[in-house]
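Protein chains: 4
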Amino acid sequence: MSVGLVVEEQIRVRYAETDALGVVYYANHFVWFEVGRVSFLREIGLDFATAEREGISFVVAEATCRYLAPAHFDERLIVRTWIEDIGQRSLTLSYQIVNHDTGQTIATGKTIQVFIDIGNHETTNIPVKARELFERALSD
Amino acid sequence: MSVGLVVEEQIRVRYAETDALGVVYYANHFVWFEVGRVSFLREIGLDFATAEREGISFVVAEATCRYLAPAHFDERLIVRTWIEDIGQRSLTLSYQIVNHDTGQTIATGKTIQVFIDIGNHETTNIPVKARELFERALSD
Amino acid sequence: MSVGLVVEEQIRVRYAETDALGVVYYANHFVWFEVGRVSFLREIGLDFATAEREGISFVVAEATCRYLAPAHFDERLIVRTWIEDIGQRSLTLSYQIVNHDTGQTIATGKTIQVFIDIGNHETTNIPVKARELFERALSD
Amino acid sequence: MSVGLVVEEQIRVRYAETDALGVVYYANHFVWFEVGRVSFLREIGLDFATAEREGISFVVAEATCRYLAPAHFDERLIVRTWIEDIGQRSLTLSYQIVNHDTGQTIATGKTIQVFIDIGNHETTNIPVKARELFERALSD
Numbered sequence: 001m002s003v004g005l006v007v008e009e010q011i012r013v014r015y016a017e018t019d020a021l022g023v024v025y026y027a028n029h030f031v032w033f034e035v036g037r038v039s040f041l042r043e044i045g046l047d048f049a050t051a052e053r054e055g056i057s058f059v060v061a062e063a064t065c066r067y068l069a070p071a072h073f074d075e076r077l078i079v080r081t082w083i084e085d086i087g088q089r090s091l092t093l094s095y096q097i098v099n100h101d102t103g104q105t106i107a108t109g110k111t112i113q114v115f116i117d118i119g120n121h122e123t124t125n126i127p128v129k130a131r132e133l134f135e136r137a138l139s140d
Numbered sequence: 001m002s003v004g005l006v007v008e009e010q011i012r013v014r015y016a017e018t019d020a021l022g023v024v025y026y027a028n029h030f031v032w033f034e035v036g037r038v039s040f041l042r043e044i045g046l047d048f049a050t051a052e053r054e055g056i057s058f059v060v061a062e063a064t065c066r067y068l069a070p071a072h073f074d075e076r077l078i079v080r081t082w083i084e085d086i087g088q089r090s091l092t093l094s095y096q097i098v099n100h101d102t103g104q105t106i107a108t109g110k111t112i113q114v115f116i117d118i119g120n121h122e123t124t125n126i127p128v129k130a131r132e133l134f135e136r137a138l139s140d
Numbered sequence: 001m002s003v004g005l006v007v008e009e010q011i012r013v014r015y016a017e018t019d020a021l022g023v024v025y026y027a028n029h030f031v032w033f034e035v036g037r038v039s040f041l042r043e044i045g046l047d048f049a050t051a052e053r054e055g056i057s058f059v060v061a062e063a064t065c066r067y068l069a070p071a072h073f074d075e076r077l078i079v080r081t082w083i084e085d086i087g088q089r090s091l092t093l094s095y096q097i098v099n100h101d102t103g104q105t106i107a108t109g110k111t112i113q114v115f116i117d118i119g120n121h122e123t124t125n126i127p128v129k130a131r132e133l134f135e136r137a138l139s140d
Numbered sequence: 001m002s003v004g005l006v007v008e009e010q011i012r013v014r015y016a017e018t019d020a021l022g023v024v025y026y027a028n029h030f031v032w033f034e035v036g037r038v039s040f041l042r043e044i045g046l047d048f049a050t051a052e053r054e055g056i057s058f059v060v061a062e063a064t065c066r067y068l069a070p071a072h073f074d075e076r077l078i079v080r081t082w083i084e085d086i087g088q089r090s091l092t093l094s095y096q097i098v099n100h101d102t103g104q105t106i107a108t109g110k111t112i113q114v115f116i117d118i119g120n121h122e123t124t125n126i127p128v129k130a131r132e133l134f135e136r137a138l139s140d
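Residue numbers (this note's numbering), protein chains in the order written: chain B, 1 to 140; chain Y, 1 to 140; chain V, 1 to 140; chain X, 1 to 140.
Keep in mind that the hints were calculated from the coordinates and are not lab data.
Do not rely on the hints blindly, as some may be mistaken.
No copy labels: a pair is met if it fits in one copy or bridges any two.
Derived pair list, reagent style SDA-like, types lysine to any residue, alpha-carbon separation capped at 20 Å [stated by the list, open to error]:
hint, residue 1, residue 2
1, Lys129, Ile86
2, Lys110, Gly87
3, Lys110, Arg14
4, Lys129, Glu9
5, Lys129, Thr108
On a predicted model such as this, the values are computed, not experimentally measured, just so you know.
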């Protein structure tokens, strides 16, 4: 499978992220996806400030997580992020969270981001420059 | 569409739940799904304490949210929860979050819960009594 | 002790708010204080939108919580909020969180809010109208 | 001022940690204090697993934060943690959060931990071995 550029980010599980079952609460995996997403976009050189000055933003339109194994306090994890699909007005990112020490996969997931014209809050095409960065990352 | 029993729970958006975009951060919708889920299970009479004494628990195996409109600080929302599907070892719940005042749908989602034998951490059949409660709710 | 107006807000403990010790994680009490604070300010008629149009905002400058008893999943709590002190440029609010069913005190706390001129980000006097509302609440 | 061992931990501000004011929500500083606390205790060699096998645990009895400057998304921060005081049954830790790049102090704070006998849930003396570790850290 060719998935292009995969960016890895390290996470250490915080006590705040656990719940009464003794494992990480299921909403926190989406926070970790965000950490991976930010790291991925920084890595490919996407400049939010520039994009926003040009009147373009993007929002998460859909998010999914499959939980394969529990994560526990103080474990070191790796979040892997890559591009799954580049649409006309959307970008799909995929994630895999693995335990840094055992290699076990904790979770996999996906988020679909939709591009928005800040002026009228309507969806809009991916800006040309951003598209180039995404395509380059996908062909890496 | 017959979805059986739909349980509604009120939420008021907390400042803690917003992010720098001025809207509710995308992971918090899963927290609200949990609030709806707990309310649903309480409503149908599922007794966790009893279930756990019998050595059965369940965990979320998959969660999805589609974001249709942003939610803002102090808005009153309603979380609607119902059973989507009853499997051999799993239960799928569906959610709809609407703005209490405008009726606008904020998000829809789904979680798949899998039943676990606390003794050996393996998946197990839905306990008979829990299944009866689920089937009654679905035929309501 | 005369503390003036005390506003009560109900909370039900969410699973998301628990941690691996089986009790509510210690940062979440501050989220509950915020829920009480918002409820208090709404009750006394403080209109943030108006204040912000007049160029005044306020931020938390200090926050303290004393933890007296643990809170658990699904417990119903009451957050009580009242004014502790009205300064020249600051407002001190006090909080008490009690278990709704047993009356046991879970936590007490305090936050100091400082008023800010949105234009220059400097601290500023409490606006006259807001001061009137605070003083009325304190003498209730 | 002699504060003994100071342990530093790096944090990168997550989008999840911001609020609608565009800055980090005030409860999250306590999560960062916890990250600093865990790092500090790991550094001095405190072995929770051992302590808990000996029937001793500890809980936060009081927490305070003073907010000196706002923190923003994606900023890199340093959490500094040191021992403020060693009591008979309690340990007071102090924290300072600074901006990694500008050196500006974001917040300072304090938490008081109380030792608990897991058997009867009463407060208890700091175990001898833990006390030795704390005193060594304080005299560093």
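The hints, checked one at a time:
For the identical chains of this complex, Lys129 and Ile86 are intra-copy neighbours only, at 13 Å inside a copy versus 47 Å across copies, given an alpha-carbon limit of 20 Å. In this assembly of identical chains, Lys110 and Gly87 lie within 20 Å of each other by CA distance solely inside one copy; the values are 14 Å within and 24 Å between copies. Taking the shortest Cα distances, Lys110 and Arg14 sit within 20 Å of each other only across copies (19 Å), while inside one copy they are farther apart (23 Å). With identical chains, the CA atoms of Lys129 and Glu9 are never at most 20 Å apart, being 25 Å at best within one copy and 36 Å at best between copies.
Neither within a single protomer nor between protomers do Lys129 and Thr108 lie at most 20 Å apart by alpha-carbon distance, with minima of 29 Å and 32 Å respectively.
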